[in-house]
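Using the sequences and the hints, build the whole thing.
2 protein chains.
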Amino acid sequence: MSNNLVPAHGGVLKPLLINNETEREQAIRSASELISVKLSSKEESDLIMLATGAFSPLDGFLGQADYEGVVKEMRLSNGLLWPIPITLAVSESIANSIKTGTRIALIASENDSVLASMLVNEKFSYDKKIEAQNVYCTTDSDHPGVDKIFSQGSIYLGGPVEVFSEGEYPEIYEEFARPAETRALFEEKGWSTVAAFQTRNPIHRSHEYLTKVALEVCDGVLIHPVVGKLKTGDIPADIRMKCYRAILDNYYRPENTVLKVYPMEMRYGGPREAILHAIIRQNFGCSHMIIGRDHAGVGDYYGPFDAQQIFDKLEPGDLHLKPLKLDWTFWCNKCEAVVSTKTCPHGKEEHLMISGTKLRDMLANGERPPVEFSRPEVIDILIDYYSSLE
Amino acid sequence: MSNNLVPAHGGVLKPLLINNETEREQAIRSASELISVKLSSKEESDLIMLATGAFSPLDGFLGQADYEGVVKEMRLSNGLLWPIPITLAVSESIANSIKTGTRIALIASENDSVLASMLVNEKFSYDKKIEAQNVYCTTDSDHPGVDKIFSQGSIYLGGPVEVFSEGEYPEIYEEFARPAETRALFEEKGWSTVAAFQTRNPIHRSHEYLTKVALEVCDGVLIHPVVGKLKTGDIPADIRMKCYRAILDNYYRPENTVLKVYPMEMRYGGPREAILHAIIRQNFGCSHMIIGRDHAGVGDYYGPFDAQQIFDKLEPGDLHLKPLKLDWTFWCNKCEAVVSTKTCPHGKEEHLMISGTKLRDMLANGERPPVEFSRPEVIDILIDYYSSLE
Chain A
0 MSNNLVPAHG
10 GVLKPLLINN
20 ETEREQAIRS
30 ASELISVKLS
40 SKEESDLIML
50 ATGAFSPLDG
60 FLGQADYEGV
70 VKEMRLSNGL
80 LWPIPITLAV
90 SESIANSIKT
100 GTRIALIASE
110 NDSVLASMLV
120 NEKFSYDKKI
130 EAQNVYCTTD
140 SDHPGVDKIF
150 SQGSIYLGGP
160 VEVFSEGEYP
170 EIYEEFARPA
180 ETRALFEEKG
190 WSTVAAFQTR
200 NPIHRSHEYL
210 TKVALEVCDG
220 VLIHPVVGKL
230 KTGDIPADIR
240 MKCYRAILDN
250 YYRPENTVLK
260 VYPMEMRYGG
270 PREAILHAII
280 RQNFGCSHMI
290 IGRDHAGVGD
300 YYGPFDAQQI
310 FDKLEPGDLH
320 LKPLKLDWTF
330 WCNKCEAVVS
340 TKTCPHGKEE
350 HLMISGTKLR
360 DMLANGERPP
370 VEFSRPEVID
380 ILIDYYSSLE
Chain B
0 MSNNLVPAHG
10 GVLKPLLINN
20 ETEREQAIRS
30 ASELISVKLS
40 SKEESDLIML
50 ATGAFSPLDG
60 FLGQADYEGV
70 VKEMRLSNGL
80 LWPIPITLAV
90 SESIANSIKT
100 GTRIALIASE
110 NDSVLASMLV
120 NEKFSYDKKI
130 EAQNVYCTTD
140 SDHPGVDKIF
150 SQGSIYLGGP
160 VEVFSEGEYP
170 EIYEEFARPA
180 ETRALFEEKG
190 WSTVAAFQTR
200 NPIHRSHEYL
210 TKVALEVCDG
220 VLIHPVVGKL
230 KTGDIPADIR
240 MKCYRAILDN
250 YYRPENTVLK
260 VYPMEMRYGG
270 PREAILHAII
280 RQNFGCSHMI
290 IGRDHAGVGD
300 YYGPFDAQQI
310 FDKLEPGDLH
320 LKPLKLDWTF
330 WCNKCEAVVS
340 TKTCPHGKEE
350 HLMISGTKLR
360 DMLANGERPP
370 VEFSRPEVID
380 ILIDYYSSLE
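Residue numbers (numbering that gives the first Met the number 0), protein chains in the order written: chain A, 0 to 389; chain B, 0 to 389.
Please note that the accuracy of each hint is not assured.
As the list makes no split between identical chains, a pair holds if one copy fits it or if it spans any two.
Each computed DMTMM-like pair below joins lysine to aspartate or glutamate, with the alpha-carbon atoms no more than 25 Å apart [unchecked claim]: (1) K241 / E335; (2) K347 / D248; (3) K333 / E32; (4) K333 / D218; (5) K324 / D218; (6) K347 / E335; (7) K333 / E371; (8) K127 / E349; (9) K127 / E180; (10) K324 / E187; (11) K324 / D299; (12) K13 / D317; (13) K98 / E389; (14) K241 / E180; (15) K98 / D237; (16) K228 / D111; (17) K241 / D311.
Hints are computed from structural coordinates only; laboratory data are not their basis.
Structure follows, in structure tokens:
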């Protein structure tokens with residue numbers, strides 16, 4: 000079958016999971032002898048991203064030259080676009096216990112599984128404030144991405160990894176899929192243009208509209224929720240998955256819509272995270288990614304369209320995936336449709352807008368938002384969830 | 000101002016209207032001495048298309064080499080894509096009265112105005128059946144495009160034209176605009192991606208949806224109805240213009256939606272006409288054109304997506320404009336939205352479909368179709384129109 004999909008970032012998919020059973024067992028045995036380092040949940044997610052090939056062409060946690068290129072100029076030392084450093088942080092005392100040039104074992108964040116081994120090529124200190132400011136545009140530790148930098152160890156270990164396990168994700172999520180698998184699926188379906196929809200929320204009608212605009216102009220859509228750990232207050236992945244499945248079953252065509260998950264943790268990094276999301280989606284075989292209002296944003300750290308504009312600053316060839324920049328969307332009573340700031344001429348008084356806080360309050364009280372806001376199938380699940388919290 | 004618009008077809012806009020007042024008067028005076036040829040309404044429309052630059056880079060009616068290249072291979076003799084021949088047909092006796100190498104005057108179809116002069120470089124006979132079959136995929140004279148070939152003279156005159164007048168179009172339509180004007184307007188608005196919407200019908204909600212999908216993914220939309228003579232039964236341009244203005248006033252944003260008209264006559268040529276429409280729109284400065292189901296089709300002469308598929312057969316560089324291929328669209332009761340065959344999973348029983356014939360009957364009886372089918376402002380105008388016919 001001819002492959003019309005976009006190439007992987009940097010040219011080739013590089014999944015770092017050891018697939019051969021014998022080799023893996025051998026590697027796990029050898030790892031039991033090694034000094035071990037416990038991962039944070041973010042690092043564990045990143046390791047699994049490396050394992051699947053979603054972070055291609057990285058071969059492990061960044062060394063110093065790559066790290067500094069990424070923080071300062073959004074580029075690896077070979078010039079390839081990369082917006083957010085993928086790092087492994089340890090305390091000074093742990094760092095002192097590890098010799099450069101030796102192999103260590105990487106341990107899951109919430110149990111004792113040995114997930115991978117890593118050849119520590121480099122140990123280096125870094126400036127937390129510079130990383131925060133450059134990557135997240137703020138040093139405010141209320142920002143969840145910044146907070147993770149400030150609460151981690153002060154030394155980064157850099158080097159290639161060999162991964163033994165993708166943790167519990169493949170068991171928990173039947174929709175867990177690696178880039179090579181989504182690519183094979185898209186090829187089997189004969190798609191060449193595929194739009195990714197990144198989400199960490201249930202899909203309400205305004206989001207459904209975004210995906211359907213994308214469907215009108217592409218062969219297919221990949222609904223691609225992040226299922227790594229989210230910040231407090233975000234709706235947990237298992238509940239969101241129920242919502243996604245319900246809406247896909249009732250309002251999408253299975254021929255052209257695919258639901259798959261990926262295990263990264265959100266950084267809430269706005270523009271730079273939008274670029275990371277795009278690189279990941281290109282690895283998954285997507286030619287387009289929906290970038291809506293305040294993509295991957297949190298609080299007021301970013302302008303509503305910063306994550307769209309950053310794509311305009313890239314050099315030709317930096318990315319094969321194209322952003323599908325879409326505007327703020329909502330139901331309009333005069334249009335009698337879900338529309339956007341671009342397609343609706345009417346005033347705000349005609350627009351059905353419900354803030355996140357308001358929606359949570361309504362659902363917690365068992366109050367149903369209008370069907371123009373969200374599908375009843377989704378609301379049922381959310382009301383159940385909020386009532387279970389009480 | 001930097002120009003990010005697509006280039007004109009073949010590179011440069013070539014409007015053939017003489018703009019200089021003195022030169023034009025001189026040319027008109029000279030033309031009064033010449034042998035004159037009365038144009039058909041189609042030829043007159045084509046002449047005005049040439050005058051405005053919409054048929055760039057043609058410099059007049061096609062000579063034999065260009066004609067044959069177009070009919071057989073959709074290419075001018077220099078290799079440039081051109082799908083439907085732009086021709087001037089005369090009877091044998093008129094042809095005999097004209098010497099090759101002389102200039103003739105071209106007279107309006109419905110009055111005696113001298114619209115242009117033409118240097119007759121060539122006279123040649125042609126095969127009507129071959130033209131019909133190649134261009135329209137049929138020799139059935141029930142096809143309105145084929146009928147025009149069969150009822151015209153048997154000799155084509157080829158040569159460059161100098162046009163004195165765009166006829167009555169600029170007076171009748173305040174929205175009459177030449178390619179240089181739409182380009183200036185798009186540049187002033189700072190657009191680089193503009194989607195054209197070709198139409199010969201009132202805009203109902205399914206068409207509105209097509210234009211709004213285009214708006215979501217482009218900087219602006221050009222609603223661009225054809226106002227040349229249509230086939231019997233089509234709604235006349237003045238009524239349609241009222242409908243367009245009403246819907247634009249109420250459901251579109253003036254910042255990103257422009258209504259302009261062009262004077263061509265429909266050929267109902269399906270796939271080849273879609274290519275012609277695309278070339279014209281590229282001349283008008285559009286980067287995209289909506290190609291829906293059965294674009295420019297009539298009866299059952301073409302498959303519903305032939306006019307989309309023909310674009311896949313072009314060579315790279317043939318066109319700078321890209322087709323926005325959209326599917327069949329309709330209101331769905333379950334989706335509670337206008338959707339398409341791509342975005343709706345529900346059965347036909349949920350879809351609000353009203354055939355052209357049924358709609359005419361309803362409107363003629365003063366019966367209003369549901370608001371989900373068409374905006375009330377449009378229905379008011381159409382009911383008025385049909386009741387005036389009785």
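For each hint, the structure was consulted:
Taking the closest pair of Cα atoms, K241 and E335 come within 25 Å of each other only across two copies (22 Å); inside a single copy the shortest separation is 28 Å, beyond that limit. For the identical chains of this complex, K347 and D248 are inter-copy neighbours only, at 17 Å across copies versus 32 Å inside a copy, given an alpha-carbon limit of 25 Å. Taking identical chains as interchangeable, the C-alpha atoms of K333 and E32 are never at most 25 Å apart, the minima being 69 Å within one chain and 60 Å between chains. Proximity of K333 and D218 under a CA criterion of 25 Å is satisfied inter-copy only: 23 Å between copies versus 31 Å inside one chain copy.
With identical chains, the CA atoms of K324 and D218 are at most 25 Å apart both within one copy (17 Å) and between copies (11 Å). With identical chains, the CA atoms of K347 and E335 are at most 25 Å apart both within one copy (14 Å) and between copies (21 Å). Proximity of K333 and E371 under a CA criterion of 25 Å is satisfied in both settings, with 13 Å inside one chain copy and 12 Å between copies. For the identical chains of this complex, K127 and E349 are neighbours neither inside a copy (46 Å) nor across copies (57 Å), given an alpha-carbon limit of 25 Å.
Taking the shortest alpha-carbon separations for K127 and E180, neither the intra-copy value of 37 Å nor the inter-copy value of 55 Å comes in at or below 25 Å. For the identical chains of this complex, K324 and E187 are inter-copy neighbours only, at 22 Å across copies versus 28 Å inside a copy, given an alpha-carbon limit of 25 Å. Only within a single protomer do K324 and D299 lie at most 25 Å apart by alpha-carbon distance; the minimum there is 20 Å, versus 38 Å between protomers. With identical chains, the CA atoms of K13 and D317 are at most 25 Å apart within one copy only, with a shortest distance of 18 Å there and 38 Å across copies.
Neither within a single protomer nor between protomers do K98 and E389 lie at most 25 Å apart by alpha-carbon distance, with minima of 50 Å and 95 Å respectively. Proximity of K241 and E180 under a CA criterion of 25 Å is satisfied intra-copy only: 22 Å inside one chain copy versus 53 Å between copies. With identical chains, the CA atoms of K98 and D237 are never at most 25 Å apart, being 41 Å at best within one copy and 83 Å at best between copies. With identical chains, the CA atoms of K228 and D111 are at most 25 Å apart within one copy only, with a shortest distance of 18 Å there and 79 Å across copies.
In this assembly of identical chains, the alpha carbons of K241 and D311 never lie at most 25 Å apart, being 36 Å within a copy and 40 Å across copies at closest.
Figure legend: structure checked against the earlier numbered hints; hints not met, in rising order: 3, 8, 9, 13, 15, 17.
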